[in-house]
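Given the coordinates of chain A, assemble chain B onto it according to the supplied hints.
In order, the protein sequence lines correspond to chains A and B.
Take 457 as the starting number for the first sequence in the numbering used here and just add one per residue.
Take 457 as the starting number for the second sequence in the numbering used here and just add one per residue.
Simulated from the structure, these hints should not be mistaken for lab results.
Incorrect hints may appear among the rest.
What the hints assert, rightly or not - Derived DSSO-like pairs: lysine-lysine, alpha-carbon spacing no greater than 30 Å straight-line: (1) A:Lys-585 / B:Lys-610; (2) B:Lys-573 / A:Lys-579; (3) A:Lys-531 / A:Lys-467; (4) B:Lys-579 / A:Lys-573.
Unchecked claim - With the Cβ distance kept under 10 Å, some of the chain B side facing chain A (calculated, not the full set): (5) Leu-533; (6) His-539; (7) Leu-592; (8) Ser-652; (9) Tyr-658; (10) Ile-660; (11) Thr-671; (12) Asn-674.
All C-beta atoms, glycine included, are put in the ideal place defined by N, C-alpha and C.
Each chain is listed here by its residues.
2 protein chains.
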Amino acid sequence: MEKVISTAVIKRLPRYYRYLGELRKKEVVRISSKELSERMNVTASQIRQDLNNFGGFGQQGYGYNVEYLYTEIGKILGLDQEHRVVIIGAGNLGQAIANYADFARRGFDITAVFDVKPELIGKEIGNVKIRAMSELKDYVTKQKPDIAALALPKEYAVQVANDVVSWGVSAIWNFAPVELRLPKHVVVENVHLTESLMRLSYNIRAAQIKKNADTQKNGKDSECAATTE
Amino acid sequence: MEKVISTAVIKRLPRYYRYLGELRKKEVVRISSKELSERMNVTASQIRQDLNNFGGFGQQGYGYNVEYLYTEIGKILGLDQEHRVVIIGAGNLGQAIANYADFARRGFDITAVFDVKPELIGKEIGNVKIRAMSELKDYVTKQKPDIAALALPKEYAVQVANDVVSWGVSAIWNFAPVELRLPKHVVVENVHLTESLMRLSYNIRAAQIKKNADTQKNGKDSECAATTE
Chain A
457 MEKVISTAVI KRLPRYYRYL GELRKKEVVR ISSKELSERM NVTASQIRQD
507 LNNFGGFGQQ GYGYNVEYLY TEIGKILGLD QEHRVVIIGA GNLGQAIANY
557 ADFARRGFDI TAVFDVKPEL IGKEIGNVKI RAMSELKDYV TKQKPDIAAL
607 ALPKEYAVQV ANDVVSWGVS AIWNFAPVEL RLPKHVVVEN VHLTESLMRL
657 SYNIRAAQIK KNADTQKNGK DSECAATTE
Chain B
457 MEKVISTAVI KRLPRYYRYL GELRKKEVVR ISSKELSERM NVTASQIRQD
507 LNNFGGFGQQ GYGYNVEYLY TEIGKILGLD QEHRVVIIGA GNLGQAIANY
557 ADFARRGFDI TAVFDVKPEL IGKEIGNVKI RAMSELKDYV TKQKPDIAAL
607 ALPKEYAVQV ANDVVSWGVS AIWNFAPVEL RLPKHVVVEN VHLTESLMRL
657 SYNIRAAQIK KNADTQKNGK DSECAATTE
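Chain A with its partners taken away, still in its complex shape:
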């Protein structure tokens, strides 16, 4: 339990979980690491190695039991417990998060949404009423949500993050394009959209450079490869 799992493995676990969920829906009972590997575009030995971090689960010559592996990875991901989430910021992004049905299915329960704009307060998104930011402190201290999702402009994100942490929140899902400096016990997961778009831009340029180089080399247009995860 004390073993440190690399972030690369942690990054792949939700993908395994998603695939296994799809297989389960199709009532597939078992799958070999080879088949799983082809679907996921990860080598079979990588899959075995990843899952060995958590004690294996596979049986030689049988492969993986889909239902069992799905349930166990779910537990590793902490999806066997409910998470109550408050969303701070009810703009388009906050509303997109609040309306995303996938989250509820995974046990992430949006319990409240907050905004400063008077025209938004009182409106319903999902099944949840938008509350005034002035109610945030009272709500957080009393209801003790597990996660605060920050979907507000970066000018306010740092202060609001510090506030909710001081009121007891210990997990932040941060959409604001800013680095949060929070106490060590606080878990932060960032979704930086501009950075994602820049990685796309980098790879577009890299593909162009490769294409040009190939063209020069071959004296003609050729297929070239560039994909990112």
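Chain B only, in chain A's frame:
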């Protein structure tokens, strides 16, 4: 130019760029790798190593020229060229992307948004009118956008991705929770929100386990650490 840059480096470049942009705004002229390292929570040697991939930029005893490094990293990221982006899906997420001012500043120009819903078609978001999906083929073949952002339900994402690629798009920014299998020359960048939330959940659980272990060990509550990038 043919050198393969690791995805970890590519992942950090946008962060360097964002920091340098902030320094530039504050009219900071130069910065040492040590200072940059403290701000970015990356070791100074990591920074030197990362930037050496692209030929260095630093001068012993002087540090980095902020403006120069900002411009050069911008070029590496392909931000010195304009990118025309179409958004497919004008729900909350599509609208959030369309309204995100940060993108325009970085040279990502939203030129069109498409949706199937009659009540959305003709409405304006950002400065762009929402068009009918039936116009997509004609638009893409004539206007040749650089990037298609897929902000539509996963049931449609695979087909639409295949379509736009067959009409000439070679870069996809995918928000649908599905793996796209596209020709090798197509660049794909995924934003999988549910997976991000699962990583947060994993780290919440890991922090709890650590906390419990520490408590048992020390016979009392203690501070514990768990942060992710």
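Legend entry - Structure versus earlier hints - violations, ascending order: Checked against the structure, the hints that fail are numbers 7, 11 and 12, while the rest are satisfied.
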